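> The chain contents come next:
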Amino acid sequence: MTLAALRAVLGGESKSVSVTEQSSRLTPDAFMSLTASILSVIAKLMAGSSVRWVDCQPDTCQRVYFANHTSHLDALVLWSSLPRNIRSLTRAVAAKDYWDKTAFRRYIAGSVNALLIDRENIKVHRSPVELMIQAIGDTHSLIVFPEGGRNATDEMGEFKSGLYYLGKKRPDLELVPVYIDNLNRVLPRGEFLPVPLLSCITIGPPMWLESGESKTEFLRRAREAVKRLKDI
Amino acid sequence: MTIEDLHFEPLLGLLQRADWLNEPTYWLVGVVIVALIVASVIGQTLKRQPENTVSPALLRTFNQRVRAWWMMFAILAAGLLLGPTCTIVLFGLVSFWALREFITMTPTRRGDHRTLFWVFFVFTPIQYLLVGVGSSFVKLESDSAVWWADTLGLRGVDLYGLYSIMIPVYASLYIPSRIALSGDARRFLERSAKIQFSLLICVYSLSYAPALMHLDLLTSKPAVGNSSLSTGDVTPPEAEDEETAEAESQTSTTRRPWKEGGQAGLLFYFVLIVQLSDVFQYAWGKLLGQRVIAPQINASRTWEGFVSGVLTTAIVGALLWWVTPFRIWEAACMAFVTAVMGSAGSMTMSAIKRDRGVTDTGTLVQGHAGVLDRIDSICFAAPVFFHLTRYFFSDFA
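So the sequence lines, in the order shown, correspond to chains A and B. The first sequence begins at 1 in the working numbering and counts up one residue at a time. The second sequence begins at 1001 in the working numbering and counts up one residue at a time.
In case anyone wonders, no lab produced these hints; they're calculated from the structure. Bear in mind that the values here come from a model prediction, so they are computed numbers and not experimental data. Among the clues, some could well be false.
One side only, chain B facing chain A, incomplete, derived with CB under 10 Å [unchecked claim]:
| hint | residue |
| --- | --- |
| 1 | Leu1093 |
| 2 | Phe1096 |
| 3 | Glu1101 |
| 4 | Ile1103 |
| 5 | Arg1110 |
| 6 | Leu1116 |
| 7 | Phe1121 |
| 8 | Lys1139 |
| 9 | Asp1143 |
| 10 | Leu1388 |
Residues of chain B placed beyond 12 Å of chain A at every Cβ, according to the derived structure [claimed, not checked]:
| hint | residue |
| --- | --- |
| 11 | Asn1022 |
| 12 | Ala1035 |
| 13 | Trp1097 |
| 14 | Leu1099 |
| 15 | Thr1104 |
| 16 | Val1119 |
| 17 | Gly1161 |
| 18 | Pro1168 |
| 19 | Ala1180 |
| 20 | Arg1187 |
| 21 | Ala1193 |
| 22 | Phe1197 |
Ideal placement from N, C-alpha and C gives every residue a C-beta, glycine not left out.
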């Protein structure tokens, strides 16, 4: 864990988001949202996460939050740390091959309104980026992990091109970099039992695709934007 | 097997202490409430004064500290009032949180993950379970204690023998071997030491504070001098009474079971003394501080603050002797040792934080940095206070 984030976790601006259960009508939707509330409480207890908004405010405008990926908990914890009204408008992008496998996983993914994308079986005109744009319409925001898979090393992996095409096809979307610190110690790759350490989520200033910016240039800039948050 | 045989309730009823809360304890709690109210009033009054009377930064720190003391006091008092079981659970949760802060601050590697899981979810709960049961199987004060003792075949066994060595011996052997199993040899010794140390400080040492509840306290105080306390009159005996008491105690060195106060009071006294010693050392350091003890470690701790703070703590500790089984001079010595150990704890934790480049370790209580920052002195003082009390003021044979 970096010193900056350590200071934030241990001595800084933590923001506790209270989660209240919704009305107890016993519809499947109510169950789903109850599951979501419980999941986010558990995730927050386990990850002890503090959230920092740096040069960025919570907003219901359409955004793509892009973050480094080191743990299974990343999506859930990041999603849980958004304010409630924003959370209901935000969908995390997850791998269909994993989250569609069992009924339980499907239920979990459904309750947090995750957007399942097929990584293996990509069809023409149904590319992941197309699917994402279709799914968010003009109200929802996305959480993506441009590294593709979870990263086992300390160094962040190269970004895949999806983020670039998202920015190109929908230039109105705010692309918001997020750095997730210490979650890889809470639940590293290949482990199934979490260790309840304190983690830190830093949400940085939005960025856009510049005119005439090449794919590699943009992806490098986006990666730097996430990396920079590590030391703030 | 009927519902009664299942003994659900006993889990809660296992820990029953006859003299848990007594009148002197309530008086001490009252004194602390009054002191906190006075501190709050002073803080709020100074806040309304013109700027130049007192430095605003100092005042803000003071007000934050007072607020945090109220919170600490409320939590501890609630635990004590709800009974021994709640007190154990409370200290267990504090340990858990402190351990969380400590490990977060300390870099570990992937290979330590499963070891850490053991530390958090096995050793910590077991330590508090053992401390919680403590001497219940010897005392057999409740039906459930009898039932559990017979069921487990542990009648007459004091678990002190186990909880006083479980972490320093068994956990300390287990941790490096579990890390070795993970197959990652890099910085092996360092990683083992970090995890062992965090468990030792945050869990093992702190658990000695609630363990005080198991001691069969003895006192050398004359029974006559104290009868006034048990009838509710808490005004300290006159000075001449004390002199006669001293004279008496010199003629007869026999000790008698201490029935006038409760273990809750002794625990509260201990925590109070450690906190006071922090305050006094800080205050005297501000007023008289000249020679810094170790500038590389902590720039605000001075020899003047340390000596004056420890002596002041000893005096205040002596003045509160009526809540403990100690005579006045014994209370002064205990408070003295407690203050010295508390100071050692703060210095050690400062060194660790300085090494890691952080100033505080958490945010739970506003103005009081982390849980670990507040309890570091308690952690270091608790085992020494416990063992001194056990050896000199309890029937441990």
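> Which earlier hints can't be squared with this structure?
Those not satisfied are hints 1, 8, 9, 10, 13, 14, 15 and 16.
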